[in-house]
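From these two lone chains plus the hints, build me the complex, please.
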Amino acid sequence: MYNYNEFDTAFVAERNRQFRAQVERRISGALTEDEFKPLRLMNGLYLQLHAYMLRVAIPYGTLDSAKMHKLADIADKWDKGYGHFTTRQNIQYNWPKLSDVPDMLDALAEVEMHAIQTSGNTIRNVTADHFAGAAADEIADPRPVAELIRQWSTDHPEFQFLPRKFKIAVTGSPNDRAVIKAHDIGIQIVEQDGEIGYRIIVGGGLGRTPMIGKVLRDFLPEEDLLPYLEATVSVWNLLGRRDNKYKARIKITVHEHGIDEIRERVERIFKMIRPSFSGIDQQLFAEIKAAFAAPEFRDAPVAEFETAYKHDPIFRSWADTNLAEHRAEGYAIVQISLKAHGATPGDASSEQMRVMADLAQKYGHDQLRISHEQNVILPHVHKSDLPVIHAVLKKHGLATANIGLISDIIACPGMDYCALATARSIPIAQEIATRFDELKLEHEIGDLKIKISGCINACGHHHVGHIGILGLDRAGVENYQITLGGDATENARVGDRTGPGFSADDILPAIERIVYAYLDLRADADETFAQTYARVGLDPFKVALYEQDKAYAAE
Amino acid sequence: MPREFTPKVVTANALIEGDVVYLTTDDTWTRRLSEAEVMTEEDHAGLRLLQAEGQPELVVGAYLADVALSENGPEPTHFREDFRRTGPSNYNHGKKAELNNV
Chain U
1 MYNYNEFDTA FVAERNRQFR AQVERRISGA LTEDEFKPLR LMNGLYLQLH AYMLRVAIPY
61 GTLDSAKMHK LADIADKWDK GYGHFTTRQN IQYNWPKLSD VPDMLDALAE VEMHAIQTSG
121 NTIRNVTADH FAGAAADEIA DPRPVAELIR QWSTDHPEFQ FLPRKFKIAV TGSPNDRAVI
181 KAHDIGIQIV EQDGEIGYRI IVGGGLGRTP MIGKVLRDFL PEEDLLPYLE ATVSVWNLLG
241 RRDNKYKARI KITVHEHGID EIRERVERIF KMIRPSFSGI DQQLFAEIKA AFAAPEFRDA
301 PVAEFETAYK HDPIFRSWAD TNLAEHRAEG YAIVQISLKA HGATPGDASS EQMRVMADLA
361 QKYGHDQLRI SHEQNVILPH VHKSDLPVIH AVLKKHGLAT ANIGLISDII ACPGMDYCAL
421 ATARSIPIAQ EIATRFDELK LEHEIGDLKI KISGCINACG HHHVGHIGIL GLDRAGVENY
481 QITLGGDATE NARVGDRTGP GFSADDILPA IERIVYAYLD LRADADETFA QTYARVGLDP
541 FKVALYEQDK AYAAE
Chain E
1 MPREFTPKVV TANALIEGDV VYLTTDDTWT RRLSEAEVMT EEDHAGLRLL QAEGQPELVV
61 GAYLADVALS ENGPEPTHFR EDFRRTGPSN YNHGKKAELN NV
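Line order of the protein sequences matches chains U and E. Heads up: the first sequence begins at 1 in our numbering, then just goes up one per residue. Heads up: the second sequence begins at 1 in our numbering, then just goes up one per residue.
Same shape as in the complex, but just chain E (with noise of 0.2 Å):
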C-alpha cells in the first residue's frame, strides 16, 4: 500500500543571499513558512515543485518539505527545517533577526 502523502511545502535557498525561502500560492518566494503554501496532494506537489525548479534565476536547490498543520499555519515536523526556519542558535543571526525586525 503506498504511503499516504503528509502535507509539503516547497523550499529552497535564495540565488542571492542563501537564505532559506518557502514557495507561496501567488507564485513568490517568501521568507516566512507561516505565509507558505501548504500542499496536501502529491501530484499537486510535484507539479508546484517542479514550477519552483523551474526559476534557477532566483532559487537553489528546491525540494518538499514536511510540515504539521496547526493553528499558526505549517509547522516544521524535523529539527532540521526548524533550524532552518528559525536560524543558527548561537547567535541572534539569520531568520530571527531579520524576521523580527520587519
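One chain only, chain U, in its complex shape (with noise of 0.2 Å):
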C-alpha cells in the first residue's frame, strides 16, 4: 500500500489549514457563499437535500484497518453513526455540520486521506479494479497505475479548471470489473510480446448522453502513460464545449469531432511535450509499485474450509456466491455484501466498519477495497481462514450471499439524500431485495444487475445494468423508466429503454414481469439473463411488461 511521502503529507496538511479559514471566514460573514461554494466543492463538501455531505476519497477503494478504523470513528464522532459507499469507490458522510468538517478532514489526514478533488471540473478519484493485486485473471496490478495519476492529476495547475469532471478507471485484467469502458478515460494494463502496456479507451460515460468509450491507443508503452495521458486532457481541455454544460464532457468532443481526429491531435501534443517527461515519473512510478508489492502468502492446508463447506450450508451458499478466484493458491477473494435485503445499498454503520477492519487486520494482511458495486471487499484470505470470518460477519448482518444476484443492487441516494435528484433510488432497492428474497428466487434467478439511478445523471450506472431503473420526475409524480440488456463489463453496452416509465407502486410488479420472462425464456438454468436478453432481444419484455399489464387491466 503505498504511504504518504513528506510531500503529500505537508500537502495535505496545508489544504487542511486553508480551508479551515476559509470555512471560518464564511461562518463570519467575510465570505458569500457563492465564493465559498467553488472552495468547498474542491474539499469534497457539497450542500444537499437535508444537510451538507462530504465526500472522501478511498484512492482505488483501497483501504487498510487503520483507514477504515479512522472511517467508522468520524461517522461516530462527526456523523450519525454510518457512512455511504459509492460507485467511485468514495465514502460520503451525510450529515456533517459545516463547522466541524476542518476537523473531520484533519482526522483524515492522520490515515492519510483527504476530500481533495472528490467534486468540481478536475480529475477525480482514480478508480481500479476492486480486485486489483488479488485477481487469478490479472497482467498487473492496476493500483500503481492508479496512484502515479492520482499524483500526476491532484493540483495539476493545467487541470482545475477542465470544462466539466473527468473520470478516469483502470483494470489490470482482460475481464472488466472497473466499468472502464464508461469512464473519461478507461485504461486496460496488456501485455504484447511479453512486454506490459496500456490500451487507452476515450470518451465513455454514462449521464444524459451514454456513451461506451472507443479506443485511443491500442498499446501505449509504460513509459508514456503521463505524457500521453496530459495530451489527451489537454485536448479535451481545448475543445471542450464549455458553452454548454451537458456537451461539455470528453465522451461529446469524442462524438463530436470523431475519435480519429482526436487521436490525431492527441499524437501531435503528445510528441511535442513528451521530451518534457524526463524520467522522473518512471523513478517514482517504480517506487509506487515497490510500494504495492503482493503480501507473503502461506501455503497452509484448507481442511477447515472444506469440512464447513460440506457440512454447512449456509456458508457453504455464501461461499459460492461471494467468493471470488484469486491468484494464489489456497487463497480467496472474500466478497462482503452490503446489500443486506431491506437495507439501503452501500451502508455500512460504525460497528460493521470497525468488524472489517479487524477481520482484515487479523485474516486479510491488512487489506480492504471498497467496489464501485457498493460493497467491500477482503482481497487476500486464506481459505481456511473463511468458516471464522464467515461466522464473525454474519454476527454482524454482513454474511447476505446475494453477490452479483438480483438483490445486489447498485443505487444512488436519489432524493432521500440528493439536491439533484428528481426521484428516490433507496427505497426502490429495498423492496427489489426485499421481495425476491421473500420470493427465495435470487439464487434460481442467478447473476442479474440492477442499478438504479435517481436522476439522469446516473451515479447508479443505469445504463449498464441488466436491468437498468432511472427515477424521474413527471408532472410532480416519481416516475421509472426502464432500461434492459445494458452490460458494465468488456462487452460494455448501454441498455435499451422499454418505453413508458412505471410509477414508485407499480415499479417492483414490473421488475417482477421482466424476471418471469426471463425464467420462462432462458434456454435452461444455466443461462444468464444477459444472455437470454442478447439471444431473445427486447420485444419479449416488451410484451412481458406492457401487454400482461393490459391483460390483467381488462380482466
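Simulated from the structure, these hints should not be mistaken for laboratory data. Treat the hints loosely; a few may be bogus.
[What the hints assert, rightly or not] Calculated cross-link-like contacts (lysine-lysine; reagent style DSS-like; alpha-carbon spacing at most 27 Å):
| id | chain 1 | residue 1 | chain 2 | residue 2 |
| --- | --- | --- | --- | --- |
| 1 | E | 95 | U | 77 |
| 2 | E | 95 | U | 37 |
| 3 | E | 95 | U | 80 |
Please read these numbers as outputs of a predicted model, since none were measured by experiment.
Shown next as C-alpha cells:
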C-alpha cells in the first residue's frame, strides 16, 4: 500500500489549514456563499437536501484497517454512525455540520486520507478493479498506475478548471470489473510480446448522453502513460464545450470531432510534450510499484474450509456466491455484501466498519477494498480462515450471500439525500431486494445486475445494468424508466429503453414481470439474464412488461 | 395572461447544520413548515425572498417553494418539498427524528 511521503503530508495539511480558514471566513460572514461554494466543492463538501455531505476519496478503493477504523470514528464523532460507499469507491457522510468539517478533514489526514478533487471540474478520484493485486486473471496490479495518476492529477495546474469533471478508471485484467468503457478515460493493462503497456479508451460515460468508450491507442508503452494522458486531457481542455454543461464531457467532444481527429490531435501534442517528461515519473512509478508488492502468501492446508463447506449449507451458499478466485493457491477473495435485504445499498454502520477492519487486520493482510458495486472486499484471505470470518460477518449482518444476484443492487442516494435527484432510488432498491428474498428466487435467477439512478446523471450506472432503473419527475410524480440489456464489463453496452415508465407503486411488479419473463424465456438454468437478452432481444420483455399488464387490467 | 400566483413559503438550508428551514412572519427561521409564513401576494413574496437572501450568515440557497393551504397550515405541493420537510425515507434521521423529540 502506498504511504504518503513528506510532500503528500505537507500538501494535505496545507490544504486543510486553508479550508479551515475558509470555513471560518464563511461563518464570520467575510465570504459569501457564492465565494465559498467553489472552495468547499474543491474539498468534497456539498450541500444536499437535508444537510451537508462530505465525500471522502478512497483512492482506487484501497483501505487498510487503520483507515477503516478512522472512517468509523469519524462517522460516530461527527455524523450519525454510518457511512455510504459510492460507485466511485468513495465514502460519503450525509450529516456533517459545516463547522465540524475542518476537524473531520484533519482526522482523515491522520490516516493519509482527504476529500480533495472529489468534486468540481477536475480529474476525480481514480478508480480501479476492486480485485486488484488478487485476481486470478490479472496481468498486472492496476493500483500503482492509479496512484501515479492520482499524484500527477492532484492540483495539476493545467487541469483545475476543466470544461467539466473527468473520470479515469484502470483495470489490470481482461475481464473488466472497473467499467472502464464508461469513463472519460479507461486504461487497460495489456501485454504485447512480453511487454506491459496500456490500451487507452476514451470518451465513455453515462449520464444524459450515454456513450461507450472508443480505443484511442491500442498499445501505449508504460513510460509514455503520463505524457499521453496529459496530451489527451489537454486536447479536450481546449476543444471541450464550455458553452453548454450538457455537452462539456469528453464523450461529446469525441463524438463531435470523431475518434480519428481526436487521436491525431492527441498524438501531435504527445510528440510535443513527451521530451519534457524526463523520467522522474518512471522513477516514482518504480517506487510506487514497490509499495504495492503482494503480501507473502502462506502455504497451508484448507481442511477447515472443506469441512465447513461440506457440512454447513449457509456457509456453502455464502462461499459459492461471495467468493472469487484468487491468484494464489489456497486463497480466496471475499466479497462482503453491503446489500442485506431491505438495507440501504452501500451503507455500513461504524460497528460494521470496525468489524471488517479487524477481520482484515487479523486474516486479510490488513487490506480492504471498496467496490464500485458498493460492497467491501477482503482481497487476500486464506481459505482456512473463511469459516471464522463468515461466522463473524454473520453476527454483524454482513454475511448476505447475494453478490452478483438480483438484490446486489447499485443505487445512488437519490432524492432521499441528493439535491440533484428527481426521484428516490433507495426505497426502490429496498423493495426489490426484500421482495425477491421473500420469493426465495434469487439464487435460481442467478447473475442479474439491477442498477438504479435517481436522476439522469446516472450515478447509479443504470445504463449498464442488466436491468436499469431511472427515476424521473413526471409532472410532479416519481416515475421510473426501465432499460434492459446493459452491460458494465469488457462487453460494455448501453441498455435499451423498454417504453413508458412506471410509478413508484408499479415499478416492483414491473421488475417481477421482467424476471418471470426471463425465467420462462431462458434456454436452461445456466443461461444468464444477459445471455437470454442477447439471444431474444427486447420484444418478449416488452410484451411481458406492457401487454400482460393490459391483459390483467382488462380482466 | 400572467399565471395566477400560488401560495409560497421562503425556504433555505441553515448555514451551519445544512438542514431545511423556513422563514416566519417575525423574521426568524423555523425547522417546521407548519410555522412558516405563507405568502399569497407575489410582490410580498419577492420582498421576503430578498430579505432572506440578505441573511447569508444564517442560511444558504433561499428560494420560494409552492405550498397548499390546509387545516394544518401549509403543505408541500411537490414530493421534493415533502421530503425536505420530513427527511430521508430510509432512516429515522433528520427532521422526522429531531422534530418528534421536541
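Hint-by-hint comparison with the structure:
1. E:95 to U:77: holds, 20 Å
2. E:95 to U:37: Holds, at roughly 25 Å.
3. E:95 to U:80: Measuring from Cα to Cα gives roughly 13 Å; hence the hint holds.
When each numbered hint is compared with the structure, no violation occurs for any of them.
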